[in-house]
Amino acid sequence: MTARPENFAGWAPFRFYWQEETPLVDWCYMGEDRFTQPFFENTIARRMNDHFSLLFRHQTPIEFLETLNGTLPNISPTGFIFHTSRCGSTLTAQMLAALPQNIVISEALPIDAVIREERDITIDQRVQWLRWMVGAFGQKRAGEQHYFIKFDSWSTLWLDLVRKAFPEVPMVFLYRDPVEVIVSQMSHPGAQMIRGLIGQLLPGMTLAALLNISDEEYCARVLARFCESLLPLAADPKSILVNYSELPEAVTGRMLKHFGVTYSAEDIAKMRSAAQFNSKTPRMSFAPDGQQKRDEASEIIREMAAKWVGPVYEKLEAVRLEVVRVAAKGDDI
Amino acid sequence: MTSENFERFTALVLSESALQEKLRSIDDKEAFIARAVEVGAAEGFDFTGEDVEAAMLEKKRVWVERWI
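Listed in order, the protein sequences are those of chains B and D.
Per my numbering, the first sequence runs over residues 1 to 333.
Per my numbering, the second sequence runs over residues 334 to 401.
Hints were generated in silico from the structure; no laboratory data involved.
Check before you lean on any hint, since a few could be wrong.
Claimed, not checked - In silico EDC-like pairs for lysine to aspartate or glutamate, Cα to Cα no more than 16 Å straight-line:
| no. | chain 1 | residue 1 | chain 2 | residue 2 |
| --- | --- | --- | --- | --- |
| 1 | B | Lys140 | B | Asp124 |
| 2 | D | Lys392 | B | Asp50 |
| 3 | D | Lys392 | B | Glu20 |
| 4 | D | Lys393 | B | Glu246 |
| 5 | D | Lys355 | D | Glu376 |
| 6 | D | Lys393 | B | Asp26 |
| 7 | D | Lys355 | B | Asp50 |
| 8 | D | Lys393 | B | Asp50 |
| 9 | D | Lys362 | B | Asp50 |
Claimed, not checked - What follows is a set of in silico ranges between Cβ atoms, one per label pair, in the way DEER data are often shown:
| no. | chain 1 | residue 1 | chain 2 | residue 2 | range |
| --- | --- | --- | --- | --- | --- |
| 10 | D | Leu390 | B | Pro73 | 34 to 42 Å |
| 11 | B | Ala9 | D | Asn338 | 53 to 61 Å |
| 12 | D | Lys362 | B | Glu303 | 52 to 60 Å |
The model shown is predicted, which means the values in this text are computed figures rather than measured ones.
From the three backbone atoms N, C-alpha and C, an ideal C-beta is built for every residue, glycine too.
Here chain B stands alone, though its shape is the one from the complex (with noise of 0.2 Å):
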C-alpha cells in the first residue's frame, strides 16, 4: 500500500538501512512521548515496551521522508551541538530537553547512519537525504517551537557535509580538557574506542598497527582528529566553542543567545534544574569531576594526551577565550 503522509503524524524514523538496494526506514509510533532519555535508544527502547508500537512498524523508501516533510508540520533546526565526548553534550542535551517547547534528538541513530552511508553515493544525494532525516525528527506533534539535535562524537568528522546541507544553522562545539576526557574514556569505553567499530577513525593505518597501539594512545589519537576537525568553523560566527568547565552556566548563557533563543526566567529554572541530575544516570546527582579526572589520570594518559592532542587543544582554547573577552568587553559598553 502506498504510503500517506497523514498516517505519519506521531511517528519518528528509528532505524535506516539497505534492502539490497535499496534504502529503507523504520518508523516507530511515539505517542506523546519526546525524546527526554538521555540518548535516542533510550527512547525508542521505551517505546517498544509499547504494545502498539512495538506490533505496528511504518516502513518506507527513504524518498517517502520528502513527501512527509513538504505535508506534515515541522520545525527547522534551531542549533546543532557537536561535541568531542565526555564534555557535558549530554548535560546540555537534558538542559534543553527540559522544556516541552523543545524537540532534542540525540545521537539519533538513523541521521548516524545517513552521515556515515559507505555505500557510494554523491554528496547532494547525502546531503538531501540529511535533510530529509533531519526534517522528518522536526515534526511538531505539540506545540514545539525550537529544534535542536546532539550528533555523535564521530560526526564531528563530517562537519563539512551537515554545514552544506545547513549553512545557517548556529553550531555549538563542546569539547574538554583532553586528560579529563582520555580518563573517562578508559574508564567506560565509548563505541569509538572500539577499533573499527565506527569505520577507520584514524585513516593511514593498518589495523595491525591500531592494534599495536595502547588503548590511550588510539583514544588520545581519535580525540586530536575531533578537535582538529572543530578548528576550521571554530571562528565562524554561526559556530561557537564552549568548554566543558563553562558548563552548567553556558546552556543557559552563551549557548542559548547564540542559538537566538529567548526563554522566560520560569524556563530558564527548569534547565538549571535539569543539571542538578547526572546526565546519564538521571537517579544521580551532577557535578563537575574535571578535577577528580585530571587526579585520576594515570603518567601514560597525561603523555598521550600532551603528544597527541595538547596542541589542537591550546588553538581551540586560544579561539574560545578570544571569543569570550570580546564578548564580555561588547557586554561591558
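Add chain D to chain B, keeping to what the hints say.
Same frame as chain B, but now just chain D:
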C-alpha cells in the same frame, strides 16, 4: 492464522489512522490483544489472541537482534 494474513492486517492498520486510534494507548497487554482480535474480526481477519501474542514476541525478538 498465517503470517501473511497477519501481515495484511498490519498493513491495513498502518494505512488507516482510524484503526490505529482503536489500538493505541492500551497499557494492559491482555486488553490490547483482545482489542486487536476485535478490530481484526471487524475488518474480516480471523486470528486469535495467541496469534497476536506470537506476533508480538516475534517483533520483540527482531527488535532485540537489530539493536544488539
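Is Lys355(D) close enough to Asp50(B), meaning Cα to Cα at most 16 Å? It holds: about 14 Å lies between the C-alpha atoms, which stays within 16 Å.
For the pair supplied as a hint, Lys392(D) and Glu20(B), is the alpha-carbon distance within the 16 Å limit? Answer violated: Lys392(D) to Glu20(B) is near 21 Å, above 16 Å.
Hint check: Lys355(D) vs Glu376(D), CA-CA at most 16 Å. Holds or violated? holds, 12 Å
Restraint check for Lys392(D) with Asp50(B), where alpha carbons must lie at most 16 Å apart: holds, 12 Å
Would the pair Lys393(D) and Asp26(B) pass a check requiring their Cα atoms to be no farther apart than 16 Å? Cα-Cα ~15 Å, so holds.
The hint says 34 to 42 Å between Leu390(D) and Pro73(B); measuring C-beta to C-beta, is that right? holds, 36 Å
Return holds or violated for the Cβ distance of Lys362(D) and Glu303(B) against the range 52 to 60 Å. holds, 56 Å
Restraint check for Lys140(B) with Asp124(B), where alpha carbons must lie at most 16 Å apart: violated, 27 Å
Holds or violated: Lys393(D) to Asp50(B), with C-alpha atoms at most 16 Å apart: With a Cα-Cα distance of about 11 Å, the restraint between Lys393(D) and Asp50(B) holds, given a limit of 16 Å.
Are the Cα atoms of Lys393(D) and Glu246(B) separated by 16 Å or less? Measuring from Cα to Cα gives roughly 42 Å; hence the hint is violated.
Is the distance from the Cβ of Ala9(B) to the Cβ of Asn338(D) consistent with 53 to 61 Å? violated, 28 Å
Verify the proposed pairing of Lys362(D) with Asp50(B), using a straight-line Cα cut of 16 Å. holds, 9 Å
Violation of the numbered hints given earlier is confined to hints 1, 3, 4 and 11; the remaining hints are satisfied by the structure.
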